[in-house]
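Novice: Chain by chain, the residues:
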Amino acid sequence: MPAEVVDVVDRGNSKMSEELKFIVFSLMKVGAVAGVMMGMIAYVVLAERRVSAFIQGRLGPNRVGPLGVLQPLADAVKAFFKEDFVPAYTRKVYFWIAPALAMLPPLMAVAVIPFGSRLGGQKMVVADLNVGILYTFSVVSLAVYSIILAGYGSNSKYPFLGSVRGSAQVISYEIAMALSVIPVFMYTGDLNLSAVIGHQTGGIWNWFVFKAPISFIIFLVASFAEANRHPFDFPETENELVAGHNTEYSSIKFAMFFMGEYGNMIAGAAIMATLFFGGWTLPVFGLDKPAETLFVGILHILIFLAKVVVFVVLAIWVRWMWPRFRFDQLMDLGWRRLIPLALANILGTALLLWALN
Amino acid sequence: MSDQNNDRKRARTESPPDSGRSSAADAFGLQRSERGPGETMVMNMGPSHPATHGVLRLILELDGEIIINAVPDIGYLHRGDEKIAENMTYTQFIPYTDRLDYLAPLANNVAYALAVERLMGIENKLTPRCRYIRVICCELARISSHLLGLGSYSLDMGAMTVFLYTFTEREKIYNLAEALTGARFTTSYTRIGGLARGLPEGWTNALAKFLNEVEVTIDDIDKLLTRNRIFVDRTRDVGVISAADAIDFGLTGANLRASGVEFDLRKARPYLVYPELEFDVPVGSTGDSYDRYLVRIEEMRQSVRILRQCLKKLPGGGLNIDDGKTVLPPKRKVQTDMEELIHQFILVTQGINVPPGEVYFGAENPKGELGFYINSKGGGVPHRLKIRSPSFVSISVLPYLLKGRLISDAIPIIGSLDFVMGECDR
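Quick mapping for you: the protein sequence lines, in order, are chains W and Z. For the first sequence, the working numbering gives the first residue as 373, with consecutive numbering after it. For the second sequence, the working numbering gives the first residue as 11, with consecutive numbering after it.
Keep in mind the hints are simulated off the structure, nothing from the lab. Beta carbons are placed, not taken as given, at the ideal position from N, Cα and C, and that holds for glycine. It is possible that part of the hints are untrue.
If you want the footprint, here are the derived chain Z segments under chain W, 3+ residues with CB under 8 Å [said to hold, decoys possible]:
id, segment
1, 59-69
2, 163-171
3, 238-247
4, 418-425
Please work from the sequences and hints to get the whole structure.
Specialist: Spelled out as structure tokens, the structure:
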């Protein structure tokens, strides 16, 4: 930290220093979260390849570094140095914007998720918004633009079909997703995600996965669909639409779509861990209270990351065990099963809460 | 100048000329529906597409995701095998049969050799050991082909793990083929009147071990797919072929049996030692993609059963017909015996002397009835050789099955028909 900053911080109580402190720590948190997120994306790709290899009786990438841990580095270098081929007849602007937009929503969505309790005097969340979950949903829904623009900008038939499928799917499942979490907030009475975590402390039965199991199941399915993950990877469907909306992309532009998918997966896992599995808390050893010491603070962050990893591995596992749905079956599942179920769930929860009061 | 720039800009940003409107698509016989321009889209699926299994090209007319019309465009792998056959001896054509259904070369070798032997009237003279080994070849090829068929079927539906499970087993089959024939892929194992070589030492044990392992894999696939809700939803009632339609189209093999017609050449027109072996012929009920999957799974189990019986009953004795005019005599005899030397010289330079006449022989291959029609005017070279390819027939059903279905349905339909372009295009 530069000398002046320390100076200002030391001087204490003036309003100026408070603001500066906020800016400095916020920037640090943004940097840390974005860095961890990008690192996780890189290693989730590796994990996917190693886990799939394990499931399929292969070895997977194990040549670069010990156990292949440097593989993401090699992949990144490869992605950058590949020829960035842009076919004729593309709509250039959209073609360029789409991959950039692919990465944006997951990076923005994690901003409101509390990834730990406290470290020193700081709350471990980039933005402790009082409308937390609304912000998350609004940001996540931006993901559809990347798919639409990729299909539109490519000006080619397979990407076109892929993006039409993808946009329909993302928009439909957003509804189911948003409806599914309403019971959680009916219990909490607050949209702030830190408050949701606070509500799940004091015993494992307070986790919303047990209080609102239907919500969790719907959310799990919808988050797979939102992230365009198998078995709902319709924008891509490599065996039907070659590579769907990213057929015409190459080099780092293609890698951006790829990273966006994994980013969505991680963001979805983080939201699930927060909403249904108590976030950074564990109902043992008093780990569900905000940290007093540095050690416990770091432990809380690790607990949160561990929960995220569990969901990421679940997503990987599902991908390698199941066939893919058909598109109309997916829409059927979304509109005719999940949304009515979510509505009934809301009604049931409301009646339950009314009866309890 | 600016006009030119504008033109160039427009050329870059506007859509490419709609190839669907041009005669290219219509030239392949696509009967476009009576809709206005812009109502439908013509899409090219293949020849290089992940789900078309080789170099099949499908021209689809789409209304959204619904296929209104489909025309298969075949011939990308045409090599003129039938014409090539007219220019070489009967023995020299054996390597070309490897390349028909290249997933089951051993079975093709056997089918061709049997056709020529029937034409020569020496089918009954084959030694028992030769017959049993040929049956082993056929059934091993059937397992290999069905494994790949099911593997790529599920791969196309997104279940990649099944594909890799099956490929692990196919690798073992290739190892067995390598030990048996010296080649993993292009086996060229049969000879007219016998086989290229006998079983290597320890091969039967290796085969018995493989049978135990492949049974486990078949059960694994069964567990992963048969009752998987997603798989069942995607394949049941998709691509239904009624029994009457199947017969009208001339479908054979697993595709015909899935439609409920119990017709298996191994039972209906028995050859080799199939009458001595016990096995069941699985039959489907509705003829949809799911039934075709079930029939193939069960056929693999029956093949394992046949192979076990073959291993138990495998007789000793000679491998080839004891006739120097048909089968190359042993090298030592050629070097010491005048008669054998002459036989060898004639066989190598002129080929086997086949009497004039014609024959059609169809064998129950993994993909269906692989038939060879041979017309001979005598001498060492066929006058005309026609191959009846089951894959060609299976592809001919595609336009009827695809009409009115979704693009996503094309995938299980193509996968379940399990054709191979090497055999279709010949």
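Novice: Hint by hint, say whether it matches the structure.
Specialist: Verification of the hints:
1. 59-69: With 3 residues in contact (Cβ-Cβ under 8 Å with chain W), the coverage given for the segment 59-69 of chain Z holds.
2. 163-171: Answer holds; 8 residues pass the 8 Å Cβ test.
3. 238-247: holds (count 5)
4. 418-425: holds (count 4)
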